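Participant: Below, each chain spelled out in residue letters.
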Amino acid sequence: MSAPSENMPIAVSVPRLKPLLLRHLPYFIGAAVAVALAATIQFDGYVHNILMQATTFAIAVFGLSVVLGLCGQINLAQAAFFGFGAYAVGIGTADYHISYWLCLVAGCLIALVAGAVLGMSTLRLGGHYLAMVTISFQQIITLVMINAIWLTHGPDGVSRIGRPDLFQSAQGYLAFCVAVLAIVGYTVWHLPDTRLGRAMRAVRDNELAAGVIGVDVFRTKVSAFALSAVLGGLAGGLFAGGFAYVSPDQFSFAESVVFLTMSLLGGVASPIGSAIGTGLLILIPEWLRFLKSIPGLYLAIYGLAVILIIRFMPDGIWGFFATAFDRWRAQTKAPPAAAALQLKPATVGGDIVLEVTGLSKYFGGLKAVDGVDIQVRRGGVHALIGPNGSGKTTTLNVLSGLYKATAGKILLDGTDITTMPPHQRTAAGLGRTFQNIRLFRSMTALENVEIGAERPGNTMIGQGGDAALTERAMEALTFVGLGSRANQLISSFSYGHQRLIEIARALAANPTLLLLDEPAAGLNSTEKLELHELLKRIAAQGLTILIIDHDMTLVSEAAQHITVLNFGRRIADGESMAVLRHPDVVSAYLGTE
Amino acid sequence: MDLVLQLLFTGIGIGAVYALVALGIVLIFRATNVVNFAQGEFSMVAAYLMVVFAVDLGWPYWLSFLLALAGMALLGVIFNLGVYYPLRHRSFLPVIIATIGASILLANSVLAIYGPQPQVLPGWFDTPGIQLGPVYLDSQYLLIIAVTVALVFFNYWFFEKTMLGKKLQATSQDKEMASLLGISVSAMIMITFIYSAVLGGLAGVLVAPVLFVSIQMGSTIALKAFAATIIGGFGDVAGAIIGGLSLGIIETFGAAYISVPYKDAFAFLALVLLLIIRPQGIFGERVAEKA
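Sequences listed follow chains A and B, in order. Just remember that our numbering sits 1336 ahead of the position in the first sequence, which is counted from 1. Just remember that our numbering sits 721 ahead of the position in the second sequence, which is counted from 1.
The following block holds chain A by itself, in its conformation from the complex (with noise of 0.2 Å):
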């Protein structure tokens, strides 16, 4: 915690940014130059394959590095994807002649389809499911390969696939792949810094958080999914191409783990590692080529490297390389300046923000909450006491929307949120802050706070661009008085900074009524006090605040109105120093003689 002086804007002067495309100017030009290359070099027949080879698996493998990678959701069905793109445009260049193009956007959306339907009916289950029936889905797929003769001709795979006419001799179509793989390169490489790529970390790092401040969970996994589903099935197409024969085996499960392996080495969180792990993985089995007349010696390997890589080197390559960059980056990076940050709560309905009626929650026979009724009043703090298990933390999961409310009705600002998911109800204005904490452990504190400030329905970050982003996370960060140490990963703060960071998160997003689960908890005496300061000057901004702690001091100097809970139900509510002195709160802290 910080002075109040550090509340001030502080005079740095920051370069001004160049625009973007200029910035990626080198990549660009790298790009045309590798298309160029391609298209002029005359290679032999071997090294073209090779090259074919590179290119096409990259793309599917840049599909895991955003499924696995960016949102941490399995996919052992990439070769079954690759196969969908490939199937297309080899049976349908090839038995049906229909154009090249129209099969290669045709493989694309089967894939996509293919990709969501699996995601929708297993992605709220989570990892164990999804490995499961990613495995299962690849098996039914192989099958269907193999056995519908009349479509696929079963184990002789499809010869004489076409490909373009614009494109017709080898070397115009590996100069085409090269450049499809720049785009997608490009793509998937700043997929991370969009609204869609933050949204996938913050899923990856804590899905429960990520939905209480404004993230569709589950929409994010299934957008992750289908989309590494998509480029597998683009790659697929243009194998395809390249090569003019497919078969069965090109997309088996083997496949499907030579697909992992190749991204788990090279570093499954960036393109880049990617790119590098598929490259070897192509290259290194070239060179030990003699492996190859012991079947199976070859595979085993692979499952030996995937132990060792996961085990001595879970970043991969390209994350042991690019961990110790961004150290170095952090340390000399000074964050931007920031204004004073403005909360303006919303003010649609009357003088009860949250009202909440007969709210019950049971777990099975257990009454956890039981008819509770509480009306936090506009602009006040107010505060939700009780001695342990009276219920008052299932009340702020039920508030929040992590569990589903037994009966009872909560109003938020005149909008009934009852049967809302968590980030809905963060869209309608609620933010919350976790007694133990829920940072996204991989990011920043900038990029955390930025999270928040994405939630929807936030009027203080304009149209939601890049720039306005982080300007409101800054300010969030500086009122907390962490506005200096924003670049830092979440690891290196202290406990009680942790819990500030959190703070700044629900802020970052201006919500209508700020919920705090036992902000007091785990901290010392000092950092009680400057959190009751921080406390303090969030009320007077007028945002409202219902916090939930067992620290009486600061309850009683804090809040305005109190609401006391035992065994789940509500005892005592009124103004605070009332409330304090009821003989029946006295007699549930202290006991009765």
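Hints are supplied without guarantee of correctness; some may be wrong.
[Said to hold, decoys possible] Selected chain B positions facing chain A (in silico; Cβ < 8 Å):
(1) V756
(2) A791
(3) L808
(4) F879
(5) L944
(6) A991
(7) V993
(8) L995
[Stated by the list, open to error] Examples of chain A residues lying across from chain B (beta carbon under 7 Å, computed):
(9) T1458
(10) I1476
(11) V1593
(12) S1629
(13) I1643
(14) A1857
Treat the hints as calculated values from the structure; they're not laboratory data. Small disclaimer: the values here were computed from a predicted structure and weren't measured. Glycine included, C-beta positions come from ideal geometry on N, C-alpha and C.
Fit chain B to the known structure of chain A by using the hints.
Facilitator: Positioned in the frame of chain A, the structure of chain B alone reads:
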């Protein structure tokens, strides 16, 4: 009607194998909160050990059987030390990726050593089976069913009545508290891996005479067993058994009445349908995470 009874018998027999492997998966999941994707390879490796001992070396069947299971116990130790233990403090994703790596390593090492030719393992009994009214009861299937029933009772006795079983349960429910009570958590996890590897191996040795002994048998059985665990409600022992049996029956009837080549697809279709209709499985798993 006769055919239906016959198919039912075969379905239960093959389902019992899935149930055994599923049981191994569930036990490891309960102890470590991680799904072991190499569980099927345990069955495959045990079947190959059996072929080496009983067929190639010509040792007595019962001795080969015991040696194969002992080999599995050793594999359980190596697996725990090499794959799970170093990653025990990481999130579940790295661990399942590592077990997938281990599954590929095991399958392809056997392929590299033994070659792709499927092997034949004779059954335990000389009598192929008995005719009971309209139904022909294959002796190997009878053995599989008997062993599975016996194991279900053993499992119940072991986990509910013995001190070791109770310690294992305590470990799977709350590792920190268990260690504070003086239970060696790493020893309990080691025991779980050994037990699961032996269970998987037992399934493999029992089913080997019915199927061919091949490299693919591990992944085929494992995928069915995964489906069985999900159908039964993840992490539930009784659910895994019932899930396994129902999958065996679905698959056998599907192959008889609908299509043989797509036999393996029925299990997965049943799985995906179930996930859409009743994601918590028949017996239900608590899914919610505490805030």
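Participant: Evaluate each hint against the coordinates.
Facilitator: Cross-check of the supplied hints:
no.	hint	verdict
1	V756	5 Å, holds
2	A791	24 Å, violated
3	L808	7 Å, holds
4	F879	25 Å, violated
5	L944	6 Å, holds
6	A991	10 Å, violated
7	V993	6 Å, holds
8	L995	10 Å, violated
9	T1458	6 Å, holds
10	I1476	5 Å, holds
11	V1593	6 Å, holds
12	S1629	10 Å, violated
13	I1643	4 Å, holds
14	A1857	14 Å, violated
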